[in-house]
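The hints should help you fit chain B onto chain Y, whose structure is shown.
Number of protein chains: 2
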Amino acid sequence: MNLEDTLLMIPGPVPVAPRILRAMSKPVIGHRGNEFGEMYASCRQTLAELFGTKNDIFILSGSGSCAMEAAVGNVIGEKDTLVAIENGKFGERFREIGERYGNVRAVKSDWTQGESIDLDKVEAALAEGAKAVSLVHNETSVGIKNPASKVGELAKKYGALFIMDGVTSIGGDDVQVDEWGVDIAVVGSQKCLGAPPGASAISVSDKAWGSMVDKPPYYMDLKSYKKSADKDLPQTPYTPAVPLFFALHEALQIIKEEGMKARIKRHEMYANAVRAAADAMNLEMFPRLNDYSKYSNTVSAMKIPAGIDDGKLRGGMKLLGIQVSGGQGSLSGKIFRIGTMGNISKRDILSTVGALEIVLQRSGVVNKMGSGLEAAGNILE
Amino acid sequence: MNLEDTLLMIPGPVPVAPRILRAMSKPVIGHRGNEFGEMYASCRQTLAELFGTKNDIFILSGSGSCAMEAAVGNVIGEKDTLVAIENGKFGERFREIGERYGNVRAVKSDWTQGESIDLDKVEAALAEGAKAVSLVHNETSVGIKNPASKVGELAKKYGALFIMDGVTSIGGDDVQVDEWGVDIAVVGSQKCLGAPPGASAISVSDKAWGSMVDKPPYYMDLKSYKKSADKDLPQTPYTPAVPLFFALHEALQIIKEEGMKARIKRHEMYANAVRAAADAMNLEMFPRLNDYSKYSNTVSAMKIPAGIDDGKLRGGMKLLGIQVSGGQGSLSGKIFRIGTMGNISKRDILSTVGALEIVLQRSGVVNKMGSGLEAAGNILE
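Protein sequences appear in the order of chains Y and B. Numbers given in my numbering equal positions in the first sequence, counted from 1, plus 30. Numbers given in my numbering equal positions in the second sequence, counted from 1, plus 30.
Take these hints with a grain of salt, some might be off.
Repeated chains share a single entry, so a pair holds when one copy, or any two copies, can fit it.
[Said to hold, decoys possible] Keeping only pairs whose Cα atoms sit at most 30 Å apart, straight-line, the calculated DSS-like set for lysine-lysine is:
id	residue 1	residue 2
1	K348	K261
2	K286	K376
3	K119	K253
4	K253	K109
5	K333	K257
6	K245	K138
7	K186	K151
8	K84	K245
9	K286	K56
10	K364	K256
11	K119	K261
12	K348	K256
13	K138	K56
14	K342	K261
15	K109	K245
16	K364	K253
17	K261	K364
18	K257	K245
19	K253	K161
20	K187	K138
21	K398	K253
22	K257	K119
23	K109	K161
24	K245	K161
25	K245	K256
26	K364	K257
No lab work stands behind these hints, which were simulated from the structure alone. Keep in mind it's a predicted model, so treat the numbers as computed, not measured.
Next comes chain Y alone, as it looks inside the complex (with noise of 0.2 Å):
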């Protein structure tokens, strides 16, 4: 018996809430109209104050990997050098963006053991010179915050363009684009902002306008982007995926309606009665925190502890209706990963860290139950 009701605590595509999905199915419009357009300007508005800027924003019919590669792409030509940030499977992905478009000079830290970033050798990096360097701010293959404003520091000091993924801080995280200087900044439909997967926005600096390359990927092109958005009523310069464009309207309404700073500090409480849950339940959390890193407010990735596997414990919560994420690459089999983006309830957090509870005392792994919904429920307000 299939339901569709299988909950979605993963790290986006998120649960999308009933108003959404109701005002994705209206009919479509042509998207060279009035009605259009002013549902892009309304859109365009709210993104810019959730992304602290009064930046050009432009939304994407193209996922958050789309939004990376604009905005690498637009900036990076073959004889310029991206600092590529790299403490997991995002920031992975930046440099191999990267290495379509120019020189790479990586970053890494040991992702696979949980390592935070070292902002030294971020110094270093950009001493050597750098046309930009790129950092995900929220990295949710390892479940760790990275410390963009000072990332942001650092760019401005060696007068190197900087590039943020927002993708799943933005619209549950505390994100100022301005105040940072970051000059391109991209965040995903399906993460915090609630709304499906398949768009994306960007935002785009004076720096970084007075930086493009000649022949970014045309479809991409954040300057016919910003040509058709420029109009009276902003257009796209391609047809746009009309739905996700209805749909991420009405998530951006349901973000202005619950505000965003309450947004936020919703963000972090669910994110801390999940921790909270699995410290009582003696799990360990993955990632090696330094001075200047934070655990995700969005995600937390944990270690899968002894006397279980990935496939009894994902397997057994899916049973039970609920689907986490396990780890990525050569983290697979050793952590698993909670979602906590976008619409989802004190209710989803209760039946999430209740079914963990009861699979891992199915296990043996936990042998009085009970001691993580406490934890939750004490810091559910």
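Chain B in isolation, oriented as in the chain Y frame:
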């Protein structure tokens, strides 16, 4: 009063059937699970039938332009030459994309005059040596169906890859990728397939696989798509636009129910009905056909007649609830276009022809009412 019921008779996006809207609005599922994999596998199989190919097929989370760039950017490097056949806006787009990646030898027709392509010129351009030739099968900007099979013969004769934009033909007109020797073909979701905009599909021949460049755009890297699709259940390399996959899957079910032959016949009938009505109202078709070009079966382009302007013609129809398209670029104000793609009905053709007749009569262009409607009615079986 906005009843969300404007009839889109434009060359995409097209009206989306309620079944498809409902399928699209199902709760989002994880994209690494069996349910997604089975859906993707089913879509690939049906698309292969519509393409007429045994080649690999992938679905991209991006519009037709994204797929066009994937087609060019994976095989054209900076030392390669693309022969870009251009008799409309989308042929121009292929040329522009080609210029981002390598050398382009354009074979231009004066498409501002509706001129068809010249195969002798195409052959002369190929004889100079080229890695690939690009053609838009159905050029919606001018309403012309180009001779794809003949271009395929020339490509074979000169050993060039044949890249074909089937964005507005596949699913509504006869396309035979393997028989015509098309190495890379692309289609958009929001045209003849009848799904919402934002997704596209691409087929890749063995010959094309043997000709890939080292560093294609990351988001459109066909080798990554193949690697992910070749798993037991196919996946996508990056997060797919899940709702658009739901929608495309349902749209393909509808096509299977109708049957491809019946669907092509229906599209021909609708286009014939529009052209018969135009003829009866003394409207002049825009295309200047030659021996091997044909009127498009999915969009009809007519000159705006003396006595009315673009704003009055299209504005008048909009007031009657029907959206038709104007001309693009320098054709703005000179032509108008009626799309007859996807899951539309005879009733939609009748209301469109009727509205056009009323608008033309109000401006004094048509004196005797009913001739257009009668001509269309004679065609609609």
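Let me make sure I understand: some of the numbered hints might not hold for this structure. Which ones are they, in numerical order?
13 and 21
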